[in-house]
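Trainee: Spelled out, the chains give:
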Amino acid sequence: MSLRTRLTLLFALFAALPMAAAMVPLSRALSEALAQEYAARLEQATQAVEGEVRRLGAEAAAAARELARSPEAGELAREWSDGLLEPADASARGPDWMAARGLDALALVEPRGRVVTSGHLPGRAGDVDPGLRDLLSSGPAGRPATRLLAVATPAGVEDLPFATAWEPLAGRPGLRAVAGVALGSRLAERAAALTGGEVAVRLGSGREVAVAGSRGDAPGRLARLLGAPPPQGRTLRLPAQGEPVAVIELALPSGGLGRALSTAALAFLAALLGGVLAASLVGHLVARRITRPLDALRAGAAAVGQGELSARVEVPASGEVGELVAGFNAMTGELARVTARAAAAERVAAWREVARRLAHEVKNPLTPVAMSVETLREAWTRRSPEFPAIFDEGTRAIGEEVRRLTRIVDEFGRFARLPQPELRPVGGGDLLSAFLALYPEGPPGIELRREVEPALPAVQVDPDQILQVLHNLLRNAFEAVGRRGTVSVRARATPAELWVEVADDGPGIAPADRAHLFEPYFTTKEAGTGLGLAISERIVREHAGRIEVESEPGKGTTFRVRLPRIEQ
Amino acid sequence: MRRALPLALLLAAAPAAGAPRARPCAEIRLLLPAAPAALDPALLHGSADLLAARALHAGILEPGPGGSAAPALAEEPPQVSADGRLVRLRLRAGLRFHDGAPVTAADAVESLSRLLRPETRSPHGWIAAPIEGAEEVRAGRARVPSGLSAPSPLELEIRLTEPAPAFLRGLAAPPAAVVHAGSLAGAGPYRPAARAADALRLAAFPGHFRGRPWCEALALAWPEPAAAARRLARGEAEVAVRPEAFPGHAPRELPLATAVVVQVRAQRLGTSAEPVRRALLALDRAELARLLRGPARPLASLDPSAPAAPAPAAPPTGPLPPRLGLLAPASLRALADRIQVKLFDRGVRVAVEAVPDAAFAARLEAGLHELALVPAALASDDPALALAQLATALGGPARGDQVLRDAARLGPAAAAAAAEAELGAVPLALAWLRISAAPGLQGLAPAPDGTFDPGGLWLLPAASEGRAGP
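Line by line, the protein sequences give chains A and B. Read in order, the letters of the first sequence are residues 1 to 568 in our numbering. Read in order, the letters of the second sequence are residues 1 to 470 in our numbering.
Note that these hints are calculated values from the structure, not bench results. Since this is a predicted model, take the numbers as computed values, not measurements. Backbone N, C-alpha and C define an ideal beta-carbon position, used for all residues, glycine too. No false leads were mixed into what you were given.
To give an idea of the interface, some chain B residues facing chain A are shown, with a C-beta separation under 8 Å as derived from the structure:
1. Arg290
2. Leu291
3. Leu292
4. Ala334
5. Asp337
6. Arg338
7. Gln340
8. Phe344
9. Arg349
10. Val350
From just these sequences and the hints, can you work out the full model?
Mentor: What follows is the structure in structure tokens.
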């Protein structure tokens, strides 16, 4: 992992850790606050429903008072007491009065519960209504009470809970006015509207009378994980004491709180993510600022490693890194200077070596020349009779040595003036054909074998130089074999290269000499200049190839030229 | 006051008290229990329809004393053959309908045939059912029964499938009134003059077979009970024919009966129908009758002439369904509510569906109900005919015809008992109307069938008040 990556991650980690650590107590505090708020809302909703029930009771009591004092009730009571009230008439009045007053239950009843007229159950007129009888006997006039009354509904007669009250008819103590407001759908709808929750009205037996509103969505998994309160409810028993006539179940939705909690948590997470991203970006920029000189130094070091000893790092840096860059540049500068000095020294040494070699090579022929000249002068001076023979032999020897000197000078000149190769694509087969065409057969006593694969790949070469190399190797092989032996020329293709091998079964090369084979002026031959293999190795190297040698004393030597194939 | 002045002027010139038809009358304002729903005699339903029909239409015969049928448009009593199967009638000459067309025997043939034709949808086909060929007309294969013919413009011949003692009483019923074939115009003492949403004004028809009615106009209205009482008390109406009793207006019962029956539909209830019927029979029908406005008595049988006190009913023999639906006209809501409560006390929840009276017949005919509270204003006081009318209302024309034949063969009581079980009928109550008249209005005598003839109204000054009436 790079330094830049490590620095970026480190910055992100430093940003994330404190925020993540803060999230737990913050979410806990938030969930506790929301739970308290929810509990308070539930309490308020409960009080609102209780207030609504009380209001309906007061409404029923007021309606009973009004009915007890109304002229129409008094008129009916008079007809009833006078025996003039026909049942059909009595039955019809209750519904009209009830509808006119917007009530859900209305009746005029005798003290023992016998119904004179009933709005909520007109067909009960003439009978004792058990619900009304219980109402009259269980509480004083004017006090609201929750009672179960049988009422006529579109589906038939049903027992439903009512907020009821009764009052004696004014001036007619023999009759009671009863009024009631249903604890049903209207209560449920109003209570649901007041509380924002779901309100269900049930009978004491559990049967549902009405339900309104909605419990809403339950908190999601995330909200529950963060401590959002589950939906809760309250149950009101009516009446509060004794056997309940009705039960009001209130349930408040908590999904909103859960959503708030989830939203806060998600916002926190988003902030955390944003912080981490920002820290990562800052870390990345800082790391890049720090690592850019280091990268440049690394690149510079690599360049030096590849031989570019004068490479410099040109990057703005300060502090320790700046000192490091300056040190690097100073080092490479010094290295370049040292290298230049070494090269100059090497050149001097080389020239010295060349001069020494040249002197050595030139000196050798000069000695016989000098001796021949001395012999000639002496023979001339003595007027030796053998002077003609001596002259012939001496001048022939001098001529021989001069030719030798000429050849030595040519060799040195060629080594010094080796031209740059002119590369071009050449087919491997064509190259081998051109080479072997010059050797239809080996020298006398030497067998020349040709082992050339068909369809050899093309190579990018200067054919004259490569042919010079191959001629040199073949000539060396012929010389190594001597008067009798076998020389093989093999050519084959590898996936990446063209191999040309020149093998002989001569005496081989001593292991100690093998390391110096390609050094200039190294030779094992008596008349060699030691430049042939050096020139060949240089040519092949300049073709991005190389020369390998395998030799075993007494068995022969194989030189292998490896040239890269042209990529398809 | 608007009418009082010309009436007073007229009355001032009138003969002395005690002289019948001595004083002309401009208008009589009459309060009905409900709006007349139909003025076509073939389609009469309620008692208000019957009352209005008496003013607008005239039959060949009309109810006579002692259960007889007296000539009306007929010139003389009907001639019945010895075997009781041929009836010959001769119309009065020179009579005309309200539209001026002459009253002919062909109109009588057409009027009776209309009762049978399917397209008329008349609930009173029982009147013409005994006529030979009635079934062909009912089935739509003939326009006129083969036994009904008019040999001459004033002669009518009727052949019956079998002797039918009640047939002539049926001809005297208001639905058998003769109307002009084209216009349905009647030949009653009054003709329609103007109709409003809450009133119907009739004008005297001088071509009536009894001559021009004494009073020039009849103004019919049908206010709510309290409004009716106020109108009578304030002198804004002279006559009320309604169920209520109006103190101070000499209310008298008018034997124009309406039978109330519960129909238990076996098609909807299946095996529960009979237990339900028995549960209904076990109700206190006297108590239920008291919930009807006006005079009423429990109905013990579909035969209205049966004794008033129902026989104790046997308890239900099978389980009652937990829920029932009861269809009722709005005018019988109190009765339906009471039945609902009484069945609730027995563990049955009854959903009452009260529909406007005008829509009730159609709902009943749809047959989607389980129970129905069916009122039937009886067009005839003849037991067999009343039974046939009820059977028609509950089971259709074929059942009505069958019950009429059964009544002729077995007697009304036996026929009623069989019909009750077969039709799922629970007779509940029989109610009447009352007629109350302003003190100055005298001579209101109901006709033998319970209706009264507005053409017979006449006015006598109230001697004690020295007032000439409206």
